[in-house]
Each structure stands twice: as structure tokens, then as C-alpha cells.
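**Q** Sequence:
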Amino acid sequence: MMMNETDELLEELLGDEEVKIPFSDKRRFNADGERVEEDAPADKGPVKSAAEIALEANLKAETERREAAESKLVGVQAKFEEAKATLEKETADMRARLLKTLEDRSKQAQFNFLTTLLPVLDNLNLAVSASETDPSIENLRNGVVGTARSFEQALISVGVEPVPSIGMTFDPELHEAIDMAETDADQDGKVTAEYSRGYKFGNQLLRPAKVQVGRGRAQSAGE
Numbered sequence: 707m708m709m710n711e712t713d714e715l716l717e718e719l720l721g722d723e724e725v726k727i728p729f730s731d732k733r734r735f736n737a738d739g740e741r742v743e744e745d746a747p748a749d750k751g752p753v754k755s756a757a758e759i760a761l762e763a764n765l766k767a768e769t770e771r772r773e774a775a776e777s778k779l780v781g782v783q784a785k786f787e788e789a790k791a792t793l794e795k796e797t798a799d800m801r802a803r804l805l806k807t808l809e810d811r812s813k814q815a816q817f818n819f820l821t822t823l824l825p826v827l828d829n830l831n832l833a834v835s836a837s838e839t840d841p842s843i844e845n846l847r848n849g850v851v852g853t854a855r856s857f858e859q860a861l862i863s864v865g866v867e868p869v870p871s872i873g874m875t876f877d878p879e880l881h882e883a884i885d886m887a888e889t890d891a892d893q894d895g896k897v898t899a900e901y902s903r904g905y906k907f908g909n910q911l912l913r914p915a916k917v918q919v920g921r922g923r924a925q926s927a928g929e
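Here the sequence shown stands for residues 707 to 929, numbered as in the working numbering.
For the record, the hints were derived by calculation from the structure and aren't laboratory data. By construction, the Cβ of each residue, glycine as well, lies at the ideal position given by its N, Cα and C atoms. One or more hints might be untrue.
[Unchecked claim] Quick list of in silico lysine-lysine cross-link-like pairs, DSSO-like style, CA-CA up to 27 Å:
hint : residue 1 : residue 2
1    : Lys806    : Lys795
2    : Lys790    : Lys778
3    : Lys813    : Lys790
4    : Lys906    : Lys813
5    : Lys795    : Lys785
6    : Lys766    : Lys778
7    : Lys778    : Lys795
8    : Lys766    : Lys754
9    : Lys896    : Lys916
10   : Lys906    : Lys896
11   : Lys906    : Lys916
[Unchecked claim] Here are the in silico distance ranges between beta carbons for each label pair:
hint : residue 1 : residue 2 : range
12   : Ala887    : Gln859    : 27 to 33 Å
13   : Arg847    : Leu808    : 29 to 35 Å
14   : Glu809    : Arg771    : 52 to 58 Å
15   : Phe907    : Ser835    : 31 to 37 Å
Let the sequences and hints guide you as you build the complete structure.
**A** Listed below in C-alpha cells is the structure:
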């Protein structure tokens, strides 16, 4: 009797609604009632932290900057090599042009000098011809003197200058003493005779003048 009353009370409380009981069992069974093992969830690997992600981003950015810098350096090196090759070529061309200019000037100077010597040869030939028809020594002498003067003038025209000697104070840089001669005291140390004329070319001494140097008599007597 008590059981029926309890059942009636439950029916009144629940009415016609289906009672649902929470069920958390996730096990699975097949049609034969055998339990089926579920696949294990895929391992997605360790989860990266924000610091690791930021570090990887910075590393990637630095790598890209390094590669860009290396590429730029290669380009700069290529331009440097090109500029170097161009400069070397220009330098070689300039050297060749300068050498050719110097050679041309040297040949022109030789040409000009030889041209100035031709009149000297003409005078020598005239002197020889004159001596064949005129046995006079005086005429031969005049021809030789004229030839010597024309030759010296040819040397002067190309920059050669005679070294002053007679009457000048002896200068070992310009004169070569061959002997000495007694002279008045005021001529002591002076060039009294010239045996061979010296010549200069610009600031260079072609050869010294061979001279005689005076020696004062007063000094000579005191020795």
C-alpha cells in the first residue's frame, strides 16, 4: 500500500516528462558489445611562449638584414673592381701617351740639333775646297775660325753655354787646374790661361774648363 502511494506521488511530481540523468561515460562499444579504443589525440608539440615567438621573429629579421647587407657588399665590391680596372686602363693609356710625347719631343730636339750642325759641315767643306785652290795659310785659318764659331753658335742655340774662365777666380766646380803660373798678387787664384773650353747645359756641367791658375809672386817668395 505504501509503495503504490509513493509511485503515485512521483508520477504527480514528474508528470509525463522524461527524466534525463547526466551521463559522462565516454566509452564506446561496437555492435557486438566490445569496447572500442578511441584514437589518442594528435601530439601538437610543445606550445611556444610569447618570448620564443618574439625571439624567432627578431632572428628572422636579423637574418634578412644580414643577407641584404651581404648582397649590397657584393655589389659594392663589383663596382670597386670595375672602377679599379677602368682606372688602371686609363693610367696605362696616359702612360703610353706621355711616353709617346716624350719620344716625339726627343726626336724633335735631335732633329733641331742636327739641323744646326749642317751649316758647320758646310763651312768645313768650303774651307777644304778653298785650301785646294788657295794654298794661303791665312785663308785656311780664316775658314777654320769661321767653322769653329758656327759650331759654337750651333751649340748655344740648343742651350749649351761656354764656361767663363780667363780672368775669373778659379772655381773647382767649373775649372780643372792643369798648371800654375807666377803672376802679380792681384792675379793670385785667378785663371790666367784656358787650354780647353768648358761647357754647361742648363745647370749641368758638360765638362770643366782646363785652365792655368795664377800664383801671386809675393806668396811665392814667402814660401
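**Q** Next step is simple, just say for each hint if it's right about the structure.
**A** These are the hints, each one checked on the structure:
{"no.": "1", "hint": "Lys806 with Lys795", "result": "holds, 16 Å"}
{"no.": "2", "hint": "Lys790 with Lys778", "result": "holds, 18 Å"}
{"no.": "3", "hint": "Lys813 with Lys790", "result": "violated, 34 Å"}
{"no.": "4", "hint": "Lys906 with Lys813", "result": "holds, 22 Å"}
{"no.": "5", "hint": "Lys795 with Lys785", "result": "holds, 15 Å"}
{"no.": "6", "hint": "Lys766 with Lys778", "result": "holds, 18 Å"}
{"no.": "7", "hint": "Lys778 with Lys795", "result": "holds, 26 Å"}
{"no.": "8", "hint": "Lys766 with Lys754", "result": "holds, 16 Å"}
{"no.": "9", "hint": "Lys896 with Lys916", "result": "holds, 13 Å"}
{"no.": "10", "hint": "Lys906 with Lys896", "result": "holds, 20 Å"}
{"no.": "11", "hint": "Lys906 with Lys916", "result": "holds, 14 Å"}
{"no.": "12", "hint": "Ala887 with Gln859: 27 to 33 Å", "result": "holds, 31 Å"}
{"no.": "13", "hint": "Arg847 with Leu808: 29 to 35 Å", "result": "violated, 43 Å"}
{"no.": "14", "hint": "Glu809 with Arg771: 52 to 58 Å", "result": "holds, 56 Å"}
{"no.": "15", "hint": "Phe907 with Ser835: 31 to 37 Å", "result": "holds, 33 Å"}
Of the numbered hints listed earlier, those contradicted by the structure are 3, 13.
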